[in-house]
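Q: Residue numbers for the sequence shown follow UniProt numbering, beginning at 1 and rising by one.
Source of the hints: derived by calculation from the structure; they are not laboratory data.
Quick caveat: nothing in here was measured; it's all calculated off a predicted structure.
There may be inaccurate statements among the hints.
With a cut-off of at most 27 Å between alpha-carbon atoms, the simulated DSS-like pairs for lysine-lysine come out as follows [what the hints assert, rightly or not]: (1) LYS316 / LYS370; (2) LYS105 / LYS7; (3) LYS156 / LYS191; (4) LYS309 / LYS240; (5) LYS209 / LYS309; (6) LYS240 / LYS332; (7) LYS191 / LYS245; (8) LYS226 / LYS105; (9) LYS322 / LYS332; (10) LYS109 / LYS226; (11) LYS322 / LYS370; (12) LYS316 / LYS234; (13) LYS316 / LYS240; (14) LYS358 / LYS370; (15) LYS46 / LYS109; (16) LYS361 / LYS240; (17) LYS361 / LYS245; (18) LYS201 / LYS316; (19) LYS196 / LYS209; (20) LYS245 / LYS322; (21) LYS361 / LYS209; (22) LYS7 / LYS64; (23) LYS226 / LYS209; (24) LYS226 / LYS64; (25) LYS76 / LYS7.
What follows is a set of in silico ranges between Cβ atoms, one per label pair, in the way DEER data are often shown [what the hints assert, rightly or not]: (26) SER115 / GLU150: 25 to 31 Å; (27) ASP116 / THR143: 49 to 55 Å; (28) GLN169 / PRO28: 47 to 53 Å; (29) VAL147 / ASN122: 38 to 44 Å; (30) GLU56 / GLU113: 17 to 23 Å.
Ideal Cβ positions, reconstructed from N, Cα and C, are used throughout, including at glycine.
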Amino acid sequence: MAASQKKRQFMIAQQVSHLDSEIVNSIPEIVESLNPEIGAWIIHDKDVDDNGQLIEPHVHIALKFANPRSIANTGKAFQIEMQYVEVWSGTFNNALSYLTHRTGKATDKYQYELSDVHTSDNFDYITAMENIIAGVSRSSEATDNAVINEALDNIKAGTITSELDLYHQLPGHLYSRYHTVINTAFTMKAKDDADKWRQAKIESGEGIKVLWFYGAAGLGKSRLAKILAGQFSKDGRYFKTGSSKDPFQGYSGESSVIMDELRPRQSMTYSDLLTILDPFDVTSRAPARFKDPNLVADYFIVTSPFDPKTFFEGMKTDEIDKFDQLLRRISKTFYVTADYVFDVQFDDKAETYQPIEKNTKQNTWNYKSKFVQSNEDEDDHSLDNIIPSDDASTAQGEQS
1 MAASQKKRQF
11 MIAQQVSHLD
21 SEIVNSIPEI
31 VESLNPEIGA
41 WIIHDKDVDD
51 NGQLIEPHVH
61 IALKFANPRS
71 IANTGKAFQI
81 EMQYVEVWSG
91 TFNNALSYLT
101 HRTGKATDKY
111 QYELSDVHTS
121 DNFDYITAME
131 NIIAGVSRSS
141 EATDNAVINE
151 ALDNIKAGTI
161 TSELDLYHQL
171 PGHLYSRYHT
181 VINTAFTMKA
191 KDDADKWRQA
201 KIESGEGIKV
211 LWFYGAAGLG
221 KSRLAKILAG
231 QFSKDGRYFK
241 TGSSKDPFQG
251 YSGESSVIMD
261 ELRPRQSMTY
271 SDLLTILDPF
281 DVTSRAPARF
291 KDPNLVADYF
301 IVTSPFDPKT
311 FFEGMKTDEI
321 DKFDQLLRRI
331 SKTFYVTADY
341 VFDVQFDDKA
351 ETYQPIEKNT
361 KQNTWNYKSK
371 FVQSNEDEDD
381 HSLDNIIPSD
391 DASTAQGEQS
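Produce the entire structure from the sequences given, and follow the hints as far as they go.
A: This is how it looks when you write it as structure tokens:
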């Protein structure tokens, strides 16, 4: 930069050992002689390098003038070469903040006391910094509010569907401060979605679909359930119930729910199960004792070691609810063996499930199936005869 160029804001930095002692002692008089709008200076004698060693003491002089003045003449007043005179292009508040390392990029440096700074007679550094710090705080608060407001808008719009995802996105201090507001937003969004879902079900006359797969462990039931849940889902997401007292903990509006390895008296009563799986009374929700009762699932896929009748008998319920109430709620039932998936129906007279032979499928979801082992139809994961007939064409279209 040319020595003749004139600017209004400067930051002079020079090691004290490179300055004449008379100049160091005369800094107040030199600053006053230059007649700046603002003049402030400090000697940094407590800075350390990356190894923790003290850095050579050095002086910083911040100057702001009403009218532009040359770089060379500004340095000359302190007997300092032009290369040690920095034209300050940022806000002068930032220059003042740097004198005591109060800038964002200098927080890891030694924080000097505000009283360590000397100033021209017409300037109060401590008052100025108190105002600057308050302004930064207000600006930071405004930024935080903008971030939270955007997050709340995204929750309402449905572009953020998981509180855990938002937890990972937000700075820790924001989530900690606003977690109650965030939780309320998710709760209200879930309630609103549930109300709209129920209204749509009522208007269309369409109930939910319940598929029940039973058979021994390790035969591919869970794998098949996950494939189906993904196919049925509106957005590829599905929810798998847990084994806690609240199996729906963490549910966030998924349209497909897997109730995996369901066992009698495991985590819900028979009455609870009937309420959850009721395909007609869409005005009902999950039992109130569950934390999140706003279930909006179109599909429930149950896997269990037990067929529905055996499951009912294992509940040993004294309630007035009967087996046929569960039976009516199940759209289709399947018996899974190592090599086949049988579409079955309940025989009232025999009180057992009987296969519908024409709907029997090879079990290509079981890695140990003879069909997979022989490499026959290994990639045949067709959903024909697995899903309710009125949904077959839709799901197959999504699969292709």
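Q: Which of the numbered hints are not met once you compare them with the structure shown?
A: Hint check: 1, 8, 10, 11, 12, 17, 18, 24, 26, 27 fail, others pass.
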